[in-house]
Amino acid sequence: MEKSLIDVMWVLVTAGLVFVMQPGFACLESGLTRSKNSINVAVKNVTDAMIALILFWFVGFGVMFGVTEAGWIGTTEFMIPFTESSWHVAFFLFQAMFVATAATIVSGAVAERMKFEAYLIMTALISAVIYPLFGHWAWNGSMSDTYSGWLGAMGFRDFAGSTVVHSIGGWASLAALVLIGPRTGRFNEQGVPRQIPGSNIPLAALGVLLLWFGWFGFNGGSTLGLTERVPMIIVNTFLAGAAGGLSGIAMGYIANRKVISVDLIFNGSLAGLVSVTASANVISPLSALLIGIIAGPVFYSVHRLLLKFKIDDAVDAVPVHLGGGIWGTLAVAIFADPAVLGTGLGFADQLGVQVLGIAVAGVWTFALVFIILWIVNKLIKLRVSEEDEHIGLNVSEHGATTEILDLFIAMDQQAKTGDMSLRVPVEPFTEVGQIANRYNRVMEALERAIRKTEAIVTTALDGIITFTPDQYQILTVNPGGQAMFKLAEKDLTGTSLIRLFDHENAGYKEFNEFRAAELFRQVEQTGTPVELVGKRADGTVFPMEVIVTKADLGFESFYTGMFRDITERKEAEAAILAAKKETDDILYNINEGIFLLNEKFEIGSQHSLALRKIFRRQEMSQLNLLRLFSKLVPSKTYQSIQDYLELMFQLDIDEDIVNNLNPLKQIEVNFEEENGQFSTQYLQFKFSRIYHGARVSHLMTTVSDVSEQVLLARELKASEERTKNQMSLLFNILHIDPLQLKPFVEESDEAVHKIKSTLKAAADKAIADDYYLLLTDIYRIVHNIKGNASILDLKFFAESAHELEDMIRDVQSKPSIKGEDFITLLFKISDLEANIEDIKSLVSRLMTFQNAARSQQAESEAPAASPKTPDRPADLVISQLTDAIRKLSSGLNKQVDFNTARFDASAVHESQVSLVRDVLIQLMRNSLVHGIESPEDRSRSGKPATGYIEVTTSVTEEPGFLSIKLRDDGRGLQIEKIRQKAISMGKWNEEQLKAMPAGQVVKLIFEPGFSTADEVTMDAGRGVGMDLIRKNVTQAGGKISLASGAGKFCEFTVKLPLKS
Amino acid sequence: MTDKELQVFLEGTVNYFHEVSGTPAAMGVPYIKETQDEVSLDLTGAIGISGNKKGVIYITCPSLMVKELVGIILGDGNPDSGSLCDMTGEIANTIAGNARQVFGANFMISVPIIIEGKPIHLKVAAPTFVIPITWRSHKSFLVVGIES
Amino acid sequence: MKLLIVDDSSIMRRAIQKYLDENRIEVVGTAGNGLEAIEVFKKTDPDLVTMDITMPEMDGLTCLQELLKIKPGTKIMVITALTDNATGLRALKLGARNFLGKPFTPEKLNEAFLKLIEGPKR
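Chains as they are written, first to last, in my numbering: chain L, 1 to 1060; chain Z, 1 to 148; chain U, 1 to 122.
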């Protein structure tokens, strides 16, 4: 075909249009990828154009369009000098643009992770080898309107390069993609694709439109001249493109009704354009439309397929260019008008050769690219490092930084580390710099605020632990907490919070997360801390107080726990409780009343329980002690109590001096009982000062109820006295046969009763009796008792009776006797009575002992022993007499022989025994004292030194009478002495007395008060014995007579009525 | 109780009659009362003693004597039984009260208990001393049962 | 002058009234125990009071203080069988103006009243 300058112009213009596809690709690819790689993408587009153009000039054009060598490779036209026709140059230019387009297809697919150098190598490969060779096979001879390449010769028709350009690019991209792998994060662990958003979709849209515009040239110029068909080709082109876009929308709608992904629209349109490229010159517009429509699903299927195989095509270059390319190539066979196509092949053959072409292109490109890149990968990694990919290829491949990038990097760093101390670089006088500056100021303020809070957490002594709410994993632990549990932070974070608790906690045997959860929930709600047991690293446990709050930050929530070691507090609590318990125990149990008294004399509230008992009041607190006393003690005592207490509070008086005068050392207190009577208690108070600073603040007081002791002491004293008496009593009577004592006691008892009734009788009488006589009567009785006591050698008793006798005599000697005078006597009589009682009880006890002893003896002896005849009371008389004589005689230093051989005790009736005894005792006494002389006197007068006394009984002397005689061989009655005594007594007429005959004088001895003993002694004297004897004998119906021989003998005869 | 102490009551009694009537009282022969002895006349005034001494002291009088006393004090020749009881109590109270001069403030006396007629059930400590008191030919008894 | 007589023995109350031969004195009330005494005191507002000590309900020393609270300046004379010093001193310390021991003669009583009314000699 002859080419005119119009054709040249057309080719040049369309070359320019094709070149517009470069910026188109640049915009599209940049727009669809992330901004951090934007420079890289753009630069790739710029660079690959440069490389493609130069390499194509060097070798590509020649290989592709040079004179063919067997239809496989060109041999001429390398580095053409362009001295030939302008159309030739224009043709070269046009074809060069196509190479650049093919090369630049790859840049989009592998964007965001391919090393720039690797990409350049690939571009070179495509531009120099892959594209030109296939291009040769398909298009060699185009310059001369022939098909000299082997594929072309076979009838393969690809008008503008659906395969030659787009599929080649697609296959190369595919190979690279397989080797390089998907971008990080494009597919997650399960292989589900994640959308990586494009940075600038409007830019991508611009790219699409630029490409579309470029395609006018791409297809329109492929006629290599301005022909009749050019307008139709262009129409077919944009129809397909439009149809593709709409088809894309349809695809999108099917996939997701709500949102239609824009890249489906863009890529659908591009796929349509790619598809129509192979057949634009040989189809009808309707066919073009159809091709475009079908391009949509084709592209979409390939797109889904790639995802399925986890091949990450950053801009869908493969689905568009490869998918579209393949479809477009096949569409030639389907839709082309065979007449216009001019291959002469039938449909099937045409289709077959089209398929062949596709296959060859695929194998040729894919294999070669794959191998070369595989090798290159071994030498230099095709892919950037993960970190570089993450940073972005702008920075990693091109070292491009922008201020805003720097800001972003710094901010990202800060966000990542949480390091508040970082500040972003500030580029002054830039907008970004101003933002950075303000950012820094915000960070500063934030840091300060955080620091303060941090400081609290760091310096807090309590443990502050944050932990996750679900697993109770520890997040952070402040130094306080680390110290508390004795673990470093690194050993704590990530571990379970529960291991910081003792396994037995909050009443549970096993404290685990569930229990913790329950507990913490409660704590959170109530806001009150709970006491638990913590466990340290060394296994020791300690009590701690825990409070937990939840922080809900939306995307994350965690618990903050405050842990406080309350060991000390617990110990203090326990100590206080123990101390309080001890104090309470003391106060409760102590027997004494204890309390503090204040200046107002009020009793403190802390006092011992015993205090209430002592004072017989339920409430003692705040009571005024002084007022209390007012009811209990006599007023005099009260006054001195008041004085004492007041002085105790006065600092200027020494405490000891005051305490020496304590009136409450032992104080008698009278409590009024309900029945109006008083109950007397003895209390002992002790006070001591308690100082507060320089003054006396309180008195410490102890009160004891010593009533028992006091009464006991008295009892004891009295008992001692009694015992003393009793002991002496005992000593005195031990030797005495209780059988002897018993009658004595009985008689004495009777005697005392007699005294008492005598007094009563006198008292009851209307008129006062002769007191003197009354006293005499009493005297007699007392004397008798005394005598009896003497016989038994009951010394003390006899002494007591003697004292009473003295007292009676004293009263009797008064000129006028009054009733009052009897008082002292009464007391003495009472004492005597008491003594008798004592003897009585002793006697009965002794009798018990003796009986026991005797019965024991009897048991041990042979049972056949004849029972002893009981002693008769009368027999006792003799033995008593014998004893008495012996004692008396030794006391008087006289020797006496006592003969009782002719005394028949059986003759004495029981009722007379005591009288007989009394009489005999009295007579015997008289004998010994007055009658029997001392041994010297006896010897001098020629008598034997030993005197002689005999008692005899006779029932024959006077019938009806028992005659008892007592005869001694002493000096006999001394008549003159008697007479003198009588005269001196002044009771009788002196003259009469002088004249009295001896026989009568002798009878005077029976007068009361008559005793010729020189002294009044215990044993004789007082002269009461004889008159009493006579009285008693007479009263008993008997008579008494005497006979005497001066210096020779004295014999008394007592006759008592004989009783059987 | 000692004889000296009993003396105090006696002197008080004598003094009382003397002060009130001008005529002194005379003491008869005293005796120790047996438990079974009943010493009571028409009117008895008893005083409980507590404090440093414990026991009972009572005076038992013929109503004629009391009547006469009332007559002297009030001039009332025919006092009612209420007045007679009052008087009896007053006598006992005075005798016991005056004893404080000797026995001290810790010798505490109760309010008088009046008993008309017999028998009188008074628990009196032993030994109990009965002192016959004669005043203007009336015979009354002062009974003292006090333990120290 | 108005007199209130306080004694649990009616004999004593009547005796005091009878023995009094002071024309200046008018008996306006009597009471048999301390509580009754306070009541009557409030009603009759006497200038003079005789006070026995051993009484039921409230004893004389307590009553004496109560009366003085109601009308300080009342001239109170304690008449009692408790003739020991301590009792007398206490009574005076508590505010009584005079003290008379039982038994007393009419002469003694009137002497005591004179002292009560006229007070100590200048």
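None of these hints come from the bench; they were simulated from the model.
Just so we're clear, the structure is a prediction, and the values are computed from it rather than from any experiment.
Just to be clear, a hint being listed does not mean it is correct.
Result set (BS3-like, lysine-lysine): computed pairs, CA atoms no more than 25 Å apart in a straight line [claimed, not checked]: (1) K4(Z) with K760(L); (2) K717(L) with K118(Z); (3) K123(Z) with K818(L); (4) K977(L) with K1059(L); (5) K75(U) with K636(L); (6) K765(L) with K53(Z); (7) K1048(L) with K1059(L); (8) K636(L) with K93(U); (9) K69(U) with K631(L); (10) K139(Z) with K717(L); (11) K636(L) with K53(Z); (12) K760(L) with K818(L); (13) K765(L) with K139(Z); (14) K53(Z) with K123(Z); (15) K756(L) with K118(Z).
**OP:** Starting from the hint list further up, note which numbers the structure goes against and sort them upward.
**Re:** 2, 3, 4, 6, 7, 10
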